[in-house]
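2 protein chains.
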Amino acid sequence: VTGAATPKTGPERIEVAYHLSGVRNRAEAQARARDICLEQTVEFPEDLITSSKIKEHIVGRVLELERIARNRYRALIGYPVEVAGGELTQLINVLFGNISLKPGIRLVDFRLPENALRVCPGPRFGREGLRELLLVRGRPLLSTALKPMGLSARELARLAHQLALGGIDLIKDDHGLADQPFSPFEERVKRCNEAVREANRVTGFRTIYLPNVTAPADAIERRIGIAREAGAGGLLMAPGIVGLDAMRRISADDSVALPVLSHPAFQGSFTAHPDHGLSHGALYGMLNRLAGADAAIFPNHGGRFSFSPEECRGLVNGTEVDMPGIKSIFPVPAGGMSLERVPDLVAFYGRDAILLIGGDLHRHGPDLAESCRAFRRLVEKGSSK
Amino acid sequence: VTGAATPKTGPERIEVAYHLSGVRNRAEAQARARDICLEQTVEFPEDLITSSKIKEHIVGRVLELERIARNRYRALIGYPVEVAGGELTQLINVLFGNISLKPGIRLVDFRLPENALRVCPGPRFGREGLRELLLVRGRPLLSTALKPMGLSARELARLAHQLALGGIDLIKDDHGLADQPFSPFEERVKRCNEAVREANRVTGFRTIYLPNVTAPADAIERRIGIAREAGAGGLLMAPGIVGLDAMRRISADDSVALPVLSHPAFQGSFTAHPDHGLSHGALYGMLNRLAGADAAIFPNHGGRFSFSPEECRGLVNGTEVDMPGIKSIFPVPAGGMSLERVPDLVAFYGRDAILLIGGDLHRHGPDLAESCRAFRRLVEKGSSK
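Chains A and B supply the protein sequences, listed in that same order. If you count the first sequence from 1, you need to add 105 to reach this note's numbering. If you count the second sequence from 1, you need to add 105 to reach this note's numbering.
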């Protein structure tokens, strides 16, 4: 079954594949790969390490090194699992901490040993769990955002009601809605959730409202408390802003137990340059999964942003590639999508996606609920092929 | 006085300067600047915004637009202060959230209105406060890291003792030391702090030990409690991993009240490409200050990393540029520095810096304390000129 947790197996070491660019020859590739082994562990000159125990059991190892293109090598490096100390924060540091400050290194993939992380159960719901929760089978899920910023809580709730009447599955806060004076968090969450609940009573649908809990470190818990008390069906978080581990903490918290939708704000620099950073699949897919997101929003190709179709495919792969014990999650293509593009979206992403259309729903006449129904019909039509 | 808080004044709006690259002509520059105004606020098609209130009071405004080089423009954009809602997390989102996902945009500078952020007092100590705490005047401060990873807590404490005997002002954990089995956090912090205290009793110096509290979101508080109980004199944090606001929270907490040293791990992608991301001064300088760091570690030019002298100068500028109500902080050039380079370092950074030498201190003979004394003599000699 797609998205089900797979049996726990894995490599012996934390295996990380990097692409090295601007490499003149194999000797240089070897030296740079060796440098990564040291930089990401002992951060100490190799000739000054006197302990053979440290050389053997702490420093990373070059497991594979191959030329993949002109001036470009792929290095597979194995780090001892102890180096990550069982924590996502230190794992991130081992994967790409200091070397983020060096040129020409891109992390393209990684694999973890069984139980490498003490407290990373991964997504609580994942694809299957979210489908069960929302009772949606055989088609992509529908999503939209409450916007524009500047509307009052009452106005946003009116929108939420229309959107839920029209059959959107997940209605999220726009990620820029925080606790601003024009729409204070508590009032907005109460009103919007109530509006969605009322619409569900009419339609029989199971639409959920996901407030944005990207918030100051000392306010996140309180906002989640408000969201839960209001009955919100999920949460929106931008891990680039609050930290991946802050999202992991929320997702893993049994007293919260809500689906978490991840937003890519402030993360774009990691994937902006093909010779640097992290691959789309590793960051928006795999790290989001380790950090407990059930779905990952990203800018689809051909919208207002710059991801290519190939990068989007890589991202989708990261949401579902085998990670022992970690569920698959939904990719959520967004960013200037329109009703006209729904057939393309369904063709490209298949059924296992959440399609997010924001502003464009407001373009198709005064009846927002009717535009949502049109969105749903287009998705159902595309999925029945 | 350098580093003292300056009187509170500031612009009316949040003013952000972006460089736009790959721009063919002025009309395109205008369109792209206008796009930023919308993307970072309402994230909604302009023609669909019916409310004149939102158009006037929420959407950003292009305040200046000038051609600064071939195909390159500088756009100064003003966002209403309300949009940030008084919170650092949402300010970061407004500055560079969604547009991090677009190509050819680099944030180079920003200015905030008075009291734009409710809970951002900035660095607790800053340059002056740290000098008073450590009783160091007229010269750069000295720093080093406990490493290599893999040593036991007892071995690291032995190093800490030698380093403190030699007169290092700030001894920090290597940023990869978390809570691994070879050196558990609690044991390490107790032993290392005790070792530094003992050395201080001998020397009369005021050396401080700064344990690394880059940790899981639900462990940070407990580790800081352990650090405080052990008597640690400061804290090390990597905001790229835990989130800038997690550092802000710790720095602003009166029950913690310790100097915070910021480490750049996992932040390099933001500054890696001159046409994208954030400037070195904005990220490592200004955002670190808003997030309460008292000093910012970064890889100096000419070491193992890739920053240029010009980028290092820009970074230093960000640590001291006028930010109303926010103290100046110390730049901490590091990353493969050596005793041989101390005269250059002092010439380049002047007295208002913390010089960090790691592995190279271990290269100069078996007496680590004596190597530290040599470091100190070189710094004092360079500063007396």
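Don't read these hints as lab results, they were simulated from the structure. Where hints are given, some of them may not hold.
What the hints assert, rightly or not - The list that follows gives simulated cross-link-like pairs (lysine-lysine, DSSO-like), each with its CA atoms no further than 30 Å apart:
(1) Lys207/A <-> Lys160/A
(2) Lys158/A <-> Lys158/B
(3) Lys158/B <-> Lys295/A
(4) Lys160/A <-> Lys295/B
(5) Lys207/B <-> Lys207/A
(6) Lys160/B <-> Lys295/A
Status of each hint after checking the structure:
1. A threshold of 30 Å between alpha carbons decides the hint, and for Lys207/A with Lys160/A the separation of about 23 Å falls inside it, so the pair holds.
2. Using a Cα cut-off of 30 Å, the hinted pair Lys158/A and Lys158/B is violated, with the two alpha carbons roughly 67 Å apart.
3. Between Lys158/B and Lys295/A, the direct Cα distance comes to roughly 24 Å. Compliance with the 30 Å bound is thereby established for this hinted pair.
4. Using a Cα cut-off of 30 Å, the hinted pair Lys160/A and Lys295/B holds, with the two alpha carbons roughly 26 Å apart.
5. Taking the CA atoms of Lys207/B and Lys207/A, the gap is near 22 Å; set against the 30 Å cutoff, the hint holds.
6. Simply put, Lys160/B and Lys295/A have alpha-carbon atoms about 26 Å apart, close enough for the 30 Å limit, and the pair holds.
Consistency with the previously given hints fails for number 2 only.
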